[in-house]
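First to last, the protein sequences are chains D and Y. Using numbering that gives the first Met the number 0, the first residue of the first sequence is number 0, and each one after it goes up by one. Using numbering that gives the first Met the number 0, the first residue of the second sequence is number 0, and each one after it goes up by one.
Treat the hints loosely; a few may be bogus.
Here are the simulated BS3-like cross-link-like pairs (lysine-lysine), alpha carbons at most 30 Å apart as the crow flies [claimed, not checked]: (1) Lys130/D / Lys283/D; (2) Lys77/Y / Lys130/D; (3) Lys130/D / Lys317/Y; (4) Lys324/D / Lys162/D; (5) Lys63/D / Lys77/D; (6) Lys130/Y / Lys63/D; (7) Lys162/D / Lys130/Y; (8) Lys195/Y / Lys130/D; (9) Lys51/D / Lys324/Y; (10) Lys196/Y / Lys196/D; (11) Lys300/D / Lys324/D; (12) Lys181/Y / Lys283/Y; (13) Lys283/D / Lys195/D; (14) Lys181/D / Lys196/Y; (15) Lys181/D / Lys195/Y; (16) Lys51/D / Lys331/Y; (17) Lys63/Y / Lys130/D; (18) Lys195/Y / Lys283/Y; (19) Lys162/D / Lys357/D; (20) Lys181/D / Lys317/Y; (21) Lys318/Y / Lys241/Y; (22) Lys130/Y / Lys63/Y; (23) Lys51/D / Lys317/Y; (24) Lys294/D / Lys283/D; (25) Lys31/Y / Lys130/D; (26) Lys195/Y / Lys265/D; (27) Lys265/D / Lys31/D; (28) Lys51/Y / Lys31/Y; (29) Lys357/Y / Lys162/Y; (30) Lys51/Y / Lys195/D; (31) Lys162/D / Lys162/Y; (32) Lys331/D / Lys195/D; (33) Lys324/Y / Lys265/Y; (34) Lys318/Y / Lys130/D; (35) Lys265/D / Lys283/D; (36) Lys77/Y / Lys181/Y; (37) Lys51/Y / Lys130/D; (38) Lys196/Y / Lys283/Y; (39) Lys241/D / Lys130/Y; (40) Lys181/Y / Lys324/Y.
No wet-lab data here; the hints were simulated from the structure.
There are 2 protein chains.
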Amino acid sequence: MKRWYCILPVLLLAGNATLAQRPPSINSPEVKADHSITFRYYARNAQSVIVKGELLTAPVPMTKDTAGIWSVTVPPVKPDIYPYSFVVDNVELADPNNTLIFANERFKRSIVDIPGNEPLVHALQNVPHGKLSYRYYTSTTLGATRTLLVYTPPGFMANGTTKYPVLYLIHGGSDTEETWTKVGRAHFIADNLIAKKLATPMIIVMPYGNVRPRPMPDFTRDMIDDIIPFIQSNYPVLTDSKHRAVAGFSVGGGQTLNIGLTNTDKFGYIAAYAPYTATEEFQKNFSNWSPDAGKINAQVKLFTISVGTEDFLFESVKKNLAMFKEKNIRVKSYIVPGGHTWMNCKQYLATTLQEIFK
Amino acid sequence: MKRWYCILPVLLLAGNATLAQRPPSINSPEVKADHSITFRYYARNAQSVIVKGELLTAPVPMTKDTAGIWSVTVPPVKPDIYPYSFVVDNVELADPNNTLIFANERFKRSIVDIPGNEPLVHALQNVPHGKLSYRYYTSTTLGATRTLLVYTPPGFMANGTTKYPVLYLIHGGSDTEETWTKVGRAHFIADNLIAKKLATPMIIVMPYGNVRPRPMPDFTRDMIDDIIPFIQSNYPVLTDSKHRAVAGFSVGGGQTLNIGLTNTDKFGYIAAYAPYTATEEFQKNFSNWSPDAGKINAQVKLFTISVGTEDFLFESVKKNLAMFKEKNIRVKSYIVPGGHTWMNCKQYLATTLQEIFK
Chain D
0 MKRWYCILPV LLLAGNATLA QRPPSINSPE VKADHSITFR YYARNAQSVI VKGELLTAPV
60 PMTKDTAGIW SVTVPPVKPD IYPYSFVVDN VELADPNNTL IFANERFKRS IVDIPGNEPL
120 VHALQNVPHG KLSYRYYTST TLGATRTLLV YTPPGFMANG TTKYPVLYLI HGGSDTEETW
180 TKVGRAHFIA DNLIAKKLAT PMIIVMPYGN VRPRPMPDFT RDMIDDIIPF IQSNYPVLTD
240 SKHRAVAGFS VGGGQTLNIG LTNTDKFGYI AAYAPYTATE EFQKNFSNWS PDAGKINAQV
300 KLFTISVGTE DFLFESVKKN LAMFKEKNIR VKSYIVPGGH TWMNCKQYLA TTLQEIFK
Chain Y
0 MKRWYCILPV LLLAGNATLA QRPPSINSPE VKADHSITFR YYARNAQSVI VKGELLTAPV
60 PMTKDTAGIW SVTVPPVKPD IYPYSFVVDN VELADPNNTL IFANERFKRS IVDIPGNEPL
120 VHALQNVPHG KLSYRYYTST TLGATRTLLV YTPPGFMANG TTKYPVLYLI HGGSDTEETW
180 TKVGRAHFIA DNLIAKKLAT PMIIVMPYGN VRPRPMPDFT RDMIDDIIPF IQSNYPVLTD
240 SKHRAVAGFS VGGGQTLNIG LTNTDKFGYI AAYAPYTATE EFQKNFSNWS PDAGKINAQV
300 KLFTISVGTE DFLFESVKKN LAMFKEKNIR VKSYIVPGGH TWMNCKQYLA TTLQEIFK
């Protein structure tokens with residue numbers, strides 16, 4: 000999806016702006032064959048331009064050429080998709096010349112995709128592609144028309160005789176319904192794993208989980224009373240619990256635990272990624288919890304919790320794992336390197352997609 | 000789609016950032032019932048914060064409170080969707096707290112949606128909604144897998160007996176395949192007009208038109224040889240020229256003229272919005288043009304050119320209108336108030352959707 004850049008006539012741009020107001024066309028980020036990256040930014044009068052992000056061990060200053068273009072080339076980086084931003088005279092912003100944006104409510108960052116020598120699991124590969132659809136459903140719980148994204152697998156037939164299992168996949172705390180695809184590339188991960196027959200063809204539903212002011216209880220109701228019925232009315236899906244999964248990251252991981260473990264008759268698979276559980280709802284559901292472990296273990300085919308050892312929630316997640324184990328709930332843990340990042344999220348999802356609906 | 004904002008625990012956010020690095024949660028833009036708008040931005044140490052955009056006659060300075068939050072309330076604005084940006088100590092950026100982004104390759108701006116007292120033609124209304132799908136097609140012309148967006152109307156059946164007409168809709172010069180939906184709300188305009196029976200149910204295909212280095216000839220080939228065949232293989236569509244339309248804005252308007260008028264056997268409807276025609280391709284196709292006007296007028300059911308009187312291309316468009324008329328090509332012009340803006344684009348599209356496939 001990389002764009003090609005060149006000097007385009009400045010008048011081509013939208014808006015009645017004059018030529019003088021428009022910066023020159025700039026190629027940023029430029030990912031080289033050796034996986035080094037050149038970042039560029041035009042600011043004739045800036046005093047300082049810095050690039051920062053999880054791909055760098057520390058922020059890196061850029062230098063200005065005589066045309067007012069700041070740039071820096073950073074050494075080769077491990078292939079992955081990383082967020083980054085520029086800091087221009089102390090003002091943080093997304094790279095104006097990069098169309099790839101981290102979908103988020105509270106910051107604007109860019110993302111850079113460093114391809115692997117062999118295609119990574121999240122890469123756009125030459126395989127059959129599913130369809131990613133933006134749908135609008137009426138939430139009676141929330142009294143609003145809301146957006147969700149639906150991935151249907153390659154070969155999907157809306158009116159066919161094949162019925163599909165469904166994964167409900169929830170983003171992190173200030174993310175949006177687009178973050179799992181724009182940053183997490185969930186649709187490409189599914190395409191690639193389905194092409195290799197490592198994942199079962201499935202529908203993936205990505206709702207918007209930031210229900211306020213009560214994110215946990217109201218979103219659980221929206222999921223059960225509105226989202227699942229909307230999907231079941233509009234797609235040919237299998238409706239028993241063994242063909243329904245819920246997964247989510249961070250706040251969405253906490254929502255996953257709350258939704259899944261209080262509805263084990265409805266979800267045969269529960270996958271929490273670095274779940275954030277310091278919430279009233281989690282306290283309410285699990286602090287004086289006396290679960291019927293035998294029943295839950297019989298209902299839930301697979302319950303997993305994934306976390307990175309550098310994740311700021313690592314200790315909290317370990318406590319939750321211990322709590323679930325102490326209650327004799329069967330839980331599989333994936334403790335991996337890495338932090339509370341979307342680099343890790345993609346790996347967690349790739350693992351889940353290979354484990355569910357088998 | 001307005002999000003609700005409140006003070007969320009800062010730890011909820013993605014990334015291993017510490018609390019100190021995170022700005023407070025901020026509601027911006029806040030659109031009031033009287034259509035005034037409050038913009039907010041957090042910057043404890045900034046010297047100057049300004050909001051600018053086509054909704055303002057001039058940039059407006061913001062003022063800082065003791066918590067470091069800059070804000071300004073601008074007087075009521077005519078309901079519409081407008082781009083805007085902040086300028087912080089001379090650095091222009093999108094509003095970090097607004098998820099609505101102007102999809103563009105060369106700048107990052109936010110958009111603000113001021114609802115009408117009666118719903119506007121582009122508003123998300125309580126009507127049946129079509130589906131907006133992100134699809135991936137192989138371009139043999141360009142040797143790449145490329146993205147396009149496909150709107151299918153409410154009630155669409157992929158394998159049904161109903162076959163649909165198709166509008167191919169092209170963005171402006173530095174826009175992306177998402178600009179017609181993210182900024183132009185083409186899918187909501189179609190939903191609303193179809194619900195009122197003012198538009199015929201149709202498929203709308205929104206490709207990525209910025210083919211470089213030769214945007215015009217190579218994109219024309221991609222359209223004819225790759226995009227149209229992909230749609231015709233994957234959707235139940237009518238394939239005669241009377242059920243195929245092409246429309247586009249600015250550079251995409253120029254592409255529309257080049258694609259449509261050199262393929263009048265394939266496009267029964269051609270709609271150019273503020274077309275940019277100072278291109279080699281336009282010169283090649285139309286400078287020594289001796290068209291068979293009778294044949295073209297018989298093939299093309301409707302050829303329209305729309306432009307605003309304040310558009311920087313207004314004089315150029317008038318010359319092109321005169322040229323087409325001089326060649327006896329039947330062309331309908333819509334000269335309206337307004338500039339080279341996406342506010343105008345939405346109106347141009349709403350007009351086209353009511354005219355085609357009738």
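Requested in this report: Measure nothing beyond the straight line between the CA atoms of lysine 357/Y and lysine 162/Y; if it is 30 Å or shorter, mark the hint as holding.
Outcome: OK: lysine 357/Y and lysine 162/Y at ~15 Å, within 30 Å.
**Report entry** Satisfaction of hint between lysine 196/D and lysine 196/Y, Cα-Cα up to 30 Å
**Finding:** violated (45 Å)
Requested in this report: Decide if the proposed pair is consistent with the structure: lysine 324/Y and lysine 265/Y, CA atoms, cutoff 30 Å inclusive.
Outcome: The given pair, whose Cα atoms are some 22 Å apart, holds under the 30 Å limit.
Query raised in the report: Regarding the pair lysine 162/D and lysine 357/D, is the alpha-carbon distance no greater than 30 Å?
Result: holds (15 Å)
Query raised in the report: If you draw a straight line from the CA of lysine 241/D to the CA of lysine 130/Y, is it 30 Å or shorter?
Result: The given pair, whose Cα atoms are some 28 Å apart, holds under the 30 Å limit.
Requested in this report: With a cut-off of 30 Å on the C-alpha distance, tell me whether lysine 181/D and lysine 317/Y pass.
Outcome: Between lysine 181/D and lysine 317/Y the Cα gap is close to 41 Å, so the pair fails against 30 Å, i.e. violated.
Report task. Assess, step by step, whether the Cα of lysine 195/Y is no farther than 30 Å from the Cα of lysine 283/Y, and give holds or violated. Result -> violated (42 Å)
**Report entry** Given hint lysine 283/Y paired with lysine 181/Y - CA-CA distance at most 30 Å
**Finding:** violated (33 Å)
**Report entry** Restraint check for lysine 63/Y with lysine 130/D, where alpha carbons must lie at most 30 Å apart
**Finding:** violated (46 Å)
Query raised in the report: Between lysine 181/Y and lysine 324/Y, does the CA-CA distance stay at or below 30 Å?
Result: Answer violated: lysine 181/Y to lysine 324/Y is near 35 Å, above 30 Å.
Query raised in the report: Does the alpha-carbon distance linking lysine 162/D and lysine 162/Y stay inside the 30 Å limit?
Result: holds (25 Å)
Query raised in the report: Straight-line Cα separation of lysine 181/D and lysine 196/Y no greater than 30 Å?
Result: violated (35 Å)
Of the hints listed earlier, those the structure fails to meet are numbers 1, 2, 3, 4, 6, 9, 10, 12, 13, 14, 15, 16, 17, 18, 20, 22, 23, 25, 26, 27, 30, 34, 37, 38, 40, in rising order.
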